[in-house]
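Novice: The listed protein sequences correspond, in order, to chains W and C.
First residue of the first sequence? That's 1 in this note's numbering, and the numbers climb one at a time after it.
First residue of the second sequence? That's 1 in this note's numbering, and the numbers climb one at a time after it.
Think of the hints as simulated: they come from the structure by calculation, not from any bench.
Backbone N, C-alpha and C define an ideal beta-carbon position, used for all residues, glycine too.
Check the hints yourself; a few may be wrong.
[What the hints assert, rightly or not] Taking lysine-lysine pairs in the DSS-like style, the calculated list, with each CA pair at most 25 Å apart, reads:
id, chain 1, residue 1, chain 2, residue 2
1, W, Lys-186, C, Lys-149
2, C, Lys-76, W, Lys-186
3, C, Lys-217, W, Lys-243
4, C, Lys-117, C, Lys-321
[As the list claims (entries may be wrong)] Partner residues aside, some chain C positions facing chain W, computed with beta carbon under 7 Å:
id, residue
5, Met-89
6, Gly-143
7, Ile-170
8, Arg-211
9, Ile-213
10, Asn-229
11, Lys-233
12, Ser-237
13, Leu-245
14, Met-259
15, Phe-262
16, Val-263
17, Ser-270
[To be verified] Partner residues aside, some chain C positions facing chain W, computed with beta carbon under 10 Å:
id, residue
18, Leu-178
19, Glu-183
20, Asp-212
21, Leu-214
22, Val-231
23, Gln-265
24, Ile-266
2 protein chains.
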Amino acid sequence: MIIAVDAAGGDHYPKNPVLGALAAIKEFERLTILLVGPKKLVQNELSKHSFDQDRIQVVDSPEIVEMTDSASAALKQKPNSSIAKGISMHKQGQCHGFVSAGNTGALLAASMFILGKLEGISRPTIATYYPSLEGFRLIIDAGANLEIKPDMALQFALMGQVYAKEIMGIEQPRVGLLNVGEEEGKGTELLKEIYGALKQIPSFIGNVEGRDILIPKADIFITDGYIGNVVLKLGESLPGILKILVGQQLQQSTGTPEMMSFVQQILTESLAPFDYERVGGLPFLGVNGTSVVGHGGSSPTAIKNMIKVAMDCVEHSINDKIIASIN
Amino acid sequence: MIIAVDAAGGDHYPKNPVLGALAAIKEFERLTILLVGPKKLVQNELSKHSFDQDRIQVVDSPEIVEMTDSASAALKQKPNSSIAKGISMHKQGQCHGFVSAGNTGALLAASMFILGKLEGISRPTIATYYPSLEGFRLIIDAGANLEIKPDMALQFALMGQVYAKEIMGIEQPRVGLLNVGEEEGKGTELLKEIYGALKQIPSFIGNVEGRDILIPKADIFITDGYIGNVVLKLGESLPGILKILVGQQLQQSTGTPEMMSFVQQILTESLAPFDYERVGGLPFLGVNGTSVVGHGGSSPTAIKNMIKVAMDCVEHSINDKIIASIN
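Please build the complete structure, drawing on both the sequences and the hints.
Specialist: This is the structure we're talking about:
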């Protein structure tokens, strides 16, 4: 399998994409990585390591899509960026998928424009993993579609079910509609219509609320991208905030150094479910290809895990299964 | 000052409203409480305690608005409920305010219908306190208006500023628009229009994101009631979830009993900012009166604090100041 990796994306390029790629070829057999980025920059980073030269190739793409660039940057102003290059190579069949910790909007735009949509899909979506007492679950949409409609929501749920079943190993993923109350008939007219559309899904459990996310009462929480994005970023901020709050209490406490380090250790372990690094990223669901996006601050481990996600999507023929479930 | 308390609202009536009222007259001078609820039920609870009989009166209201009743229940089906009775007495000048841990929708509907809106206000709103590293801040709207418009958002922000300044003691409350990115021009067309409306406020700091809430980057986070409600309930669920996660780690750990109880103590102290009991509840902003709503699970302390909120609103002439800031 050949996976292209954005070596000019995220907050820590080329270092983290290079380290992630090196870790990936060490861990996964029959994998070749194409590192897409400014050639000298990437080669310079690679030269610090020894590795099987046959399994990592550098593909030159001199232009850089900044994290603050507009979504159309990779397509219009910077046609020689790593995103445009990597997605185009994927379109041409030169690799099985592309992973990037770079500009999400630009990657989504390039993926939709160059790869196109899957047959029957009205709008591709970004899902996000969200921590819970039972491990990660999905919130869809996480920011690609700030306004959603009933038919879109139904497709998001069906695509999410394929992903949850195939990649996350959840046998019959429960779908819940994030709403302001549990009873049917709660929410806006639009939410009531979305509820009606989701009823077609056998494992639709109805409305769920904010308090149900971390339980988790559903495996797939359907909402609009405005809410999904706010909730996603709130969740990402939580471990850091809790560490500060606990740190403040420890400073005022009279515990011994041993007790304090025990608290820190327990806290770190307890917050592990909130560690997005373990999953790396998610593919855009509904695009005609495998395009995985991760957090800008992705570590080498996160990028390695994103590569794994792309490999899993290809091996499980996610897109064929999505088409089958939709049509 | 006379405050009416819903003695038939919340998950633990009449006990908690009665205990909250008793605590309030003990703590606050020159306060008389009207306990509104089924007379025998309330008197039976009161008879378990000794107190200054002149400062607590029972007002009979035989009908009960259940937490699951529709918003119109208190007005149409149950005209002799504590909510209808208490709000009507407030309208007639028999008390300075009404506080309830009961059905929020019913209380809002009764408040809007019986008390009416403040001059110049297009839609009253529910704000919620949200924890942060610097104490509680406000999210508006928290569920009263699932869809908002630019003029509503502007009024919410102005009302929130009056409340934050007068009651929370924040000198120049910063207003932020909860959005999916920081840059101006982010979000839906509606969000861009709301951004434009909020620009009239000198201390508007622009768009803020989910990750900015707990910092807090703003003092008042403006959003629609769908998001506000989801984020509110997610936040409320958090301490319980964290206690479970930490408990699981402690069970697997090899710490001594002393170390484990130290962890529990530090955790409890660290999560204190998430304890909504300390603030009790908030008034509906924009109604022509003082109608304070709290969590269904409110403890006696929470209800005592809600009574304090109502007293503060009256003493600070919140409604006069809101009218002045809007018009």
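Novice: Would you mind marking each hint as holding or not holding in the structure?
Specialist: Structure-based check of each hint:
1. W/Lys-186 to C/Lys-149: holds, 20 Å
2. C/Lys-76 to W/Lys-186: holds, 19 Å
3. C/Lys-217 to W/Lys-243: holds, 18 Å
4. C/Lys-117 to C/Lys-321: holds, 14 Å
5. Met-89: Status violated, d = 29 Å.
6. Gly-143: Holds, because the Cβ-Cβ distance from C/Gly-143 to chain W comes to roughly 5 Å (cut-off 7 Å).
7. Ile-170: violated, 20 Å
8. Arg-211: Check passed: Cβ of C/Arg-211 comes within 4 Å of chain W, closer than 7 Å.
9. Ile-213: holds, 6 Å
10. Asn-229: holds, 4 Å
11. Lys-233: Hint holds; C/Lys-233 Cβ to chain W Cβ min 3 Å, cut 7 Å.
12. Ser-237: holds, 4 Å
13. Leu-245: Hint holds; C/Leu-245 Cβ to chain W Cβ min 4 Å, cut 7 Å.
14. Met-259: Constraint on C/Met-259 satisfied, holds at 5 Å.
15. Phe-262: holds, 5 Å
16. Val-263: This interface hint holds because 5 Å falls under the 7 Å limit.
17. Ser-270: holds, 4 Å
18. Leu-178: Nearest chain W Cβ about 6 Å off; hint holds.
19. Glu-183: Nearest chain W Cβ about 8 Å off; hint holds.
20. Asp-212: holds, 8 Å
21. Leu-214: Cβ of C/Leu-214 sits 4 Å from chain W, so the hint holds.
22. Val-231: holds, 6 Å
23. Gln-265: holds, 8 Å
24. Ile-266: Given a least distance of 5 Å, the restraint on C/Ile-266 holds.
Taken one by one, the earlier hints fail for this structure at numbers 5 and 7, listed in ascending order.
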